[in-house]
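Chains as they are written, first to last, in UniProt numbering: chain A, 1 to 210; chain H, 1 to 636.
Simulated from the structure, these hints should not be mistaken for laboratory data. Cβ atoms here follow ideal geometry from the backbone N, Cα and C, with glycine treated the same way. There's no promise every hint is true.
Here are some, though not all, of the chain A residues that point toward chain H, as calculated from beta-carbon distances under 8 Å [as the list claims (entries may be wrong)]:
id : residue
1  : 48
2  : 51
3  : 87
4  : 88
5  : 91
6  : 92
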Amino acid sequence: MSANQVRKKILLLFAHPSQKRSEVNLPMFELAKSLDFVTCVDLYSEYPRHHININREQQRLVDHDIVIFQFPFYWYSTPSLLKEWQDLVLEYNFAYGPDGTALHGKTLICALSAGGAEQAYRADGYNHFTVRELLQPLEQTARLTGMRYLPPFAIFSSRSTECQRQQHLANWRKLLEALSFELINDDKVAELTTINDALPALPNLASMAV
Amino acid sequence: MTEYFLQAFIYLAAAVIAVPIAKKLGLGSVLGYLIAGVIIGPVTHLVGQETATIQHFAEFGVVMMLFLVGLELAPSMLWQMRNRLFGLGGLQVVISTGLVACIALLFEQPWSVALAIGLIFSLSSTAIVLQTFNEKGLSNTEGGRNAFSVLLMQDIAVIPMLAFIPMLALPDLVAAAEGLQSSAEHHEQLNLVAHLPTWAYAIAILASIGGVIVLGHFLSRPLFHYVASSGLREIFVATALLLVVGIAALMSLVGLSPALGTFLAGVVLANSEFRHELESNIEPFKGLLLGLFFITVGAGINFEILANQALVIGLLTLAVIVVKASVLWGLAVMFRIKNSNRWLFSLSLAQAGEFGFVLLSFSVQQHVIPTDVATILQLVVALSMFLTPVLFILFEHVIMPRYQADTSNQSYDDIGHSASVIIAGIGRFGQIVNRLLVANGVKTVVLDHEASQVENLRKIEIQSYFGDATRPDLLHTAGIENAKLLIVAIDNREQAIELIKYVKHTYPKVKILARAFDKGHNYELLQAGADYTVNETYFSALELGAEAMTELGFHPFETEQKKYAFCQTEAAASNQLYQQWLGGSEGQKFDPNYRKLFMQMEESIKQAMQRDRMDKHDGAERGWTPPPKNYEKGFD
């Protein structure tokens, strides 16, 4: 990899219906906005009445290589507008069906914040499943639409720990840089519950963003 | 008669030439008037003897100014500001007075003269400082806000000072004056209470103050209502003047200060819905008369004394600035005003003010300060005011840069709360807009020309004012310069357009949201510069239409989708129609092309409605699209 390697273009679809209360997601979104290789879309701001412009959203998908769903984890799934987005935008013969190849080869990753502790998202925890397992509908959606699926980037206990937030933001930046330079090795991350565990091994790329 | 015209011409011409130049140079209008006075007086000798006579007339400007100061002082606001106002402002007045008086004592002045001088120099220049804050955008800094409380306190303090200073009269001066008066023409003022016994005198004073308060509170509003409902603007102006002149006359008759009376009347009316209208009516008179007053001060400056005593005057000015600035600095430390704000607070208020001139001439009249001392002091006041812009430049270029780093990451105020919204027209439409905003904590100023409407709203505690929103001066008093939004919801089509044109031209930063009566009006509003328009009947009709569809058996969610599709198609086509309309010939805006386009729009809406969801991807809006029947056979 070299500094003048062409970056992949990232589409960040941010779905947060209560941004006044956001402590982790909003800083993450602001950080992403400062990076020129990330297109940042605040879905709830663009479609406050849930009337999604399908043509525009499909064009955005076509124009980017990597799609990130960023959202707070609501009832083990996405907030409703992001679900509406999936229902409307991923149309027959666009995302699936005989002519539905528009998303082939693109990457999908979720960046989510969960209020519960990491131990709760385990077979022996009170949520019984890992976040990766709970997100299986999205994983399957990616598979059906021919997208490469990466394990989620997650922060746990997101409403209680102040000190891990700075670290999380640093990791977030590292992840975005690594995604844009295609530094993530599928074989190494395929079995991970969250992609967070793969980040320490990656080089720090902030200095390359010149 | 010719003489009067000539003189009026000279005064006005001097003001017209000098004031705009002074303002451009960042000196402010007060200094502009002073310079104009200096030029037509001591420099060119165009005017001379009559300045003293004119000054009496011009002092009425001060009376009006205090009326306006009173109008600004709603008791509730004073209560909110009480700590800053009486703590910070009160201490500033007391300590500065004390220190300046001590300096005067060092110059071997009698204690009464020293005290009067202290009072005079404790005041700063409201006119210069507030105007500079506005020009430089410093009003909302911590230093600016604190400076404002101090200035307000000083303006209030003028009232007791006017009452107190006559008690300091020097027996020698009074005797000399009486000797002069008896030999000169009989000049005694009309005074009803001069020969009453003390107890009756006290009763007369209490009765007249009480009268002003009680009548101001109970009688003024029905009177204004009555006059306003006649719809005659000039009679409203006449009523406002009548009020001020009447109170001034009453106060003079019982031997009290007219300024005190009008100030009280102002406070009484501060909560009235007519406040803005009164302000904008009295303001020009006050401005001109006060300007006249400053011109006479400038014209009265004695250059001979300035030349002879330049060193003394210069040093005194410096002393005044240093003493005042140090007092302010100390108070800033005490009240925890920090960093660059401490400097701003201390430097901005270090001069003497226009009330200094007023109190000086008042003190001379009341035989408190000898004329020769007053002449020198007048020069000191003027010079310290001239130096104010220098202090601001010092602040901006030397002090600010040092603090730039720590001010940059200060968090800014909450959006809704610092933003103010002016709503013009509070009828059926404006009311709903206002209720939504107020319910969400947004500060609104509401203007309407229906006095009864305004009164009804005030009964349910909506902050509203009587006045014609299309008048620039009323918009000004409503604070259009600092408003974020103007909402136009007035009943008159043409006036709405004129209002938008004016505001867009004069205050391009203010966003304008406007209510339109119909499509044609909508386009006219857009053309006039409105940023967002809405047809008053459009959305309510749409709701009703949707309800009709649901009644007819359409599923409510399908109705919602159809309604939205209708809106989208309409909006896109409407934009096209607007372009067409703009191109249409003047006076015949709905030309045949436009009509053709309108028909096209109706057609495309119809199509959008009837298009099946299965139809392809060009609909303005589509709901969830199911895959075709038997599509699952395509998968392995």
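Could you work out which of the previously given hints the structure breaks and list their numbers from low to high?
Violated hint: only 1; rest satisfied.
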